Amino acid sequence: MAKAVKKILNDPRKAVTEMIDGLVLASDGMTRRLPGLDAIVRNHLPEGKVALLIGGGSGHEPIFHGFVGHNLGDGAACGQFFAAPAPHIIYEAAKAVHRGKGILFLYGNYAGDNMNFDIAAEMLQDEGIDIRTVRVTDDVAAAPPERTHDRRGIAGDVLMIKITGAAAAALDSLDEVERVARKAVANVRSMGVAVSAGSIPETGKPTFELADDEIEVGMGAHGEAGIARQKLAPADAVAEALLDRILPDLPFAQGDEVALVINNLGATTMMEMLVVNRRIREVLQERGINVHRTEVGTWLTVQEMAGFSVTIMKLDAELKRFLDMPCHSVGFSRMGAA
Amino acid sequence: MAKAVKKILNDPRKAVTEMIDGLVLASDGMTRRLPGLDAIVRNHLPEGKVALLIGGGSGHEPIFHGFVGHNLGDGAACGQFFAAPAPHIIYEAAKAVHRGKGILFLYGNYAGDNMNFDIAAEMLQDEGIDIRTVRVTDDVAAAPPERTHDRRGIAGDVLMIKITGAAAAALDSLDEVERVARKAVANVRSMGVAVSAGSIPETGKPTFELADDEIEVGMGAHGEAGIARQKLAPADAVAEALLDRILPDLPFAQGDEVALVINNLGATTMMEMLVVNRRIREVLQERGINVHRTEVGTWLTVQEMAGFSVTIMKLDAELKRFLDMPCHSVGFSRMGAA
Amino acid sequence: MSDTGLGPEDVVGMLRAVARAVIDRVNVLTDADLAIGDGDHGIGMRRGFEAVLTSLDVGAPTIDAAFRLTGMAILANTGGAAGAVFGTLFTSGAKSLMGADRIDAEGIRRFLAAAQEGVAKRGGVIEGQKTMLDALAHAARATSDAADLTACLKAAAQGAQVGVEATKSMVATTGKARSLGERSLGYPDPGAISVAIILSAMRDYVSSGIDDIGGRNG
Amino acid sequence: MSDTGLGPEDVVGMLRAVARAVIDRVNVLTDADLAIGDGDHGIGMRRGFEAVLTSLDVGAPTIDAAFRLTGMAILANTGGAAGAVFGTLFTSGAKSLMGADRIDAEGIRRFLAAAQEGVAKRGGVIEGQKTMLDALAHAARATSDAADLTACLKAAAQGAQVGVEATKSMVATTGKARSLGERSLGYPDPGAISVAIILSAMRDYVSSGIDDIGGRNG
Ligand SMILES: Nc1ncnc2c1ncn2[C@@H]1O[C@H](COP(=O)(O)OP(=O)(O)O)[C@@H](O)[C@H]1O
Ligand SMILES: Nc1ncnc2c1ncn2[C@@H]1O[C@H](COP(=O)(O)OP(=O)(O)O)[C@@H](O)[C@H]1O
Ligand SMILES: [Mg+2]
Ligand SMILES: [Mg+2]
Ligand SMILES: [Mg+2]
Ligand SMILES: [Mg+2]
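Protein chains in written order, with my numbering: chain A, 1 to 338; chain B, 1 to 338; chain C, 1 to 218; chain D, 1 to 218.
Honestly, the hints are just simulated from the structure, not real lab data.
There may be inaccurate statements among the hints.
To be verified - Distance condition first, Cα-Cα at most 25 Å in a straight line; then the derived DSS-like pairs of lysine-lysine:
| hint | chain 1 | residue 1 | chain 2 | residue 2 |
| --- | --- | --- | --- | --- |
| 1 | A | Lys231 | A | Lys49 |
| 2 | B | Lys14 | B | Lys49 |
| 3 | A | Lys231 | B | Lys14 |
| 4 | A | Lys6 | B | Lys6 |
| 5 | B | Lys6 | A | Lys205 |
| 6 | A | Lys14 | B | Lys231 |
| 7 | B | Lys314 | B | Lys183 |
Fair warning: this is a prediction, and the values are worked out from it, not measured in the lab.
For reference, chain A alone in the conformation it holds in the complex (with noise of 0.2 Å):
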């Protein structure tokens, strides 16, 4: 692990603005970049529309600047690797994306994250903008029941956006919509396991070490410090330690409709997610925990780190409806409940 991993990149340290580029070219016309900035924003957004603004630290692709589309994101602002965007980049974004609604700001629960996007919120509603924040608590590894605000936003980021995204597109009031937010955070679980580090190309260090036969249970999305340090497992019994963590978080009891996300933080394979989905399903079914709808993907990514995280949602009726309504970006194009 001491050399550099091998990239595919130019400069490392362009690494961000040119990935902004190709994204705003990947999306075939549905979004811009701000000139001079790293913030991207929907084209053809509609006069009274509440607007939803999503960011954070980039080097987690497709996550966030890759959910600003339909029906999901209206602009996000992106930071540089694992480094929350400055309040400026949010302002600017969120300036950018409102329509006379307000505007809800979306993004995971870190200190950096909290801070600039608080920043620019202050900036803003000097200016009269109605801002409301929902920040996205999920990772159960992160912190006890009782310390929800102390929680990091993992892979519950993919759910939120989705269902958050569709709210502010079908409801006309910033409050209706950060009320389905606070529900929706209100009721997701996650929790992710490592099996290899990755690295942040300006340094091309990896951000943690784990031995060839380890695993860290519970490690956050940067490498931060999980629950258990322990030998590699098999896939049922990651799986069932996983859940046994999420499941009597919430809790989650028999006779739930949840949605089930399966997300990969980079290099593990799908073929060992869908491993792990047969024993999930097992454990949920003994539950009498029914899945409305499974993602299994990779959306919320720490550079080439291999391990995968699951997230669990609670649903009623109100979060079904916006969870399967139909949506497209570049990282996570849905075609909605047939």
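Fit chains B, C and D with the ligands to the supplied structure of chain A, relying on the hints for placement.
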């Protein structure tokens, strides 16, 4: 690279069958497994529908079996790791999806797949079932233009399944569906670059070796040798090297409308692919080639192999129509042209 | 040893010995495929021949049935190119033994000729393309004037080995190794090695002599 | 050295020296963050202080403007937690120097007190949570009875270093290191190290004496 790559699986020899169970569960009722067989088929296939059967070796998830769904494949025959499915699996899957209008076999052009699908086709034809075969041959690195029949199928599979699946849903004769598939395959070209090797869980051995500062341009999806093994190069140079082979091959000319796919072989970051996309679009623009639709994601993988491929397909009105239709499967879902 | 050749029971015994020999060599075959292919030949052949052992448990009434069962088991469980070509090797070969109640040198010659023809047709290959066909063809030719079964299988096994050596100096023009072009030079073809393993195991079974074979023939 | 403190030009010179010092230490800071964070503190601070150098090129008419420009440049270019807290350190500190045409020991005390208050408010932290605030608070206290600017910055730098040492025995309860819990023990806080680098660079600039400073003050 000596010791086996860390993976979260149970018994590696059961990985394929457990993966298939997990995949069917992830489809939320859209597909089922044929009892005791490594085959997945769609539920609720309408009578009189032209059937599309896809398939190939496992270990490339989500392709092929993850592409069974609405407006995509009707069924898939799954082989073991990197091994074509056996004839009886193909035969049973074909019987299960047949609705009286014949079946199109669509798969990548590999000796193993060709022979096994042919054996099954002969068995089915003996029973009077109309079988047509279209082999994907998009990899320009595999053989010169005059020997396209010697070319491998790589990420061109994604567009081929998308378009042929839509055609098989919209058109009602096997002749017509075959015609569309042949037109599509005649107009698609791809080439990839390998950065590091993937491994088969059962052996744990990387399928090839690349030095810490080397990449291989034109390498196949199983680590088949490419055109040139070279020093790690900047993203722009790699993008140009791929286009230099892809564009003249068809050739793609000024005024052409195309679909562009950048496919992750496994462990490459989306950031890298987006940076590559940036340069690709600059070159295409210089050449007056207009991109109708871009897809950047992870579809045809080689386990944890790092690298990516670029696929370009020349479109006409009919191909665009099928490309823009909505679709849904575990591995590929699209809202369709909004 | 008995010049009268083998009856159905011995053929089953021989095919079991073949299966065990292939299974024992899984790593050799995988490493050979790692060098010029995708590294799965060994595990694929193991899957196929483990199924052969199971399917032969039911026993085989006739000689051609024993070879056919073997081919079907390989075809159904190996997958990949090997599943098709090695399955075809045995099923095509079996056809040439229809009705035979014993197999001798002449029977082996017929079997190898039919197997070679079937594989060439299924694979769409000729000799010199660096495939298992090269080992098979060399083996078939080598048997032309063998007097009895033992000599015939000795010659076949030796011929197959010569074929394996020959593939080292061939440039692959089919299969996964094709894209290596010149770079496939110097490496033996994995499937050819499998053919040599199969025929050597047949030879060893027969050469293991009277007590083992004649005994049951007595 | 001159007890009259520094004028605007020297403050700009001092802040340039601070920026160069931080940029020089990028690897130290990144490694510290690799140990208990996500490994980007060094490159983030470099982004911020490279922007400081550029924004100070335009020069600064007043002392508070120089500190404010520095804070704005950090805030706009660093990102992450550090961008917010180090940006706030300088912008809050700047407010306390409004209208001052020279900065002396008393000015530094006001600056540090205001910076500490601003950071605590923005970060929602108190001392003991293993953040840069610990270095800042130690530095502020250490300056209480320094007679002149040189002594004041010597004390501040030394205090910051004590704060860095103190963070080693703290369990992080905010930021990315929080999830390490007990495992963060023994490691210094990266941001605290940055505070020490900043104050040491201010001390060195001032201590470098007459020719360098007094000269321009002469
Ligand atoms: N077209 C063909 N005809 C005959 N034999 C072939 C052909 N293609 C491949 N083979 C044989 O199959 C072997 C590879 O088998 P295996 O690795 O199990 O399958 P795959 O190539 O699908 O991974 C090759 O070494 C070669 O001997
Ligand atoms: N809530 C907070 N209040 C004050 N300082 C903080 C806070 N959170 C983090 N810090 C400081 O920021 C430093 C980390 O900065 P940096 O690594 O650049 O940002 P990030 O943690 O977003 O990657 C920590 O070492 C700590 O000193
Ligand atoms: Mg960071
Ligand atoms: Mg294979
Ligand atoms: Mg092989
Ligand atoms: Mg950090």
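Outcome of the hint check:
1. A:Lys231 / A:Lys49: Violated. A:Lys231 to A:Lys49 sits at ~50 Å, over the 25 Å cutoff.
2. B:Lys14 / B:Lys49: violated, 34 Å
3. A:Lys231 / B:Lys14: holds, 21 Å
4. A:Lys6 / B:Lys6: Answer holds: A:Lys6 to B:Lys6 is near 19 Å, not above 25 Å.
5. B:Lys6 / A:Lys205: holds, 20 Å
6. A:Lys14 / B:Lys231: holds, 21 Å
7. B:Lys314 / B:Lys183: holds, 10 Å
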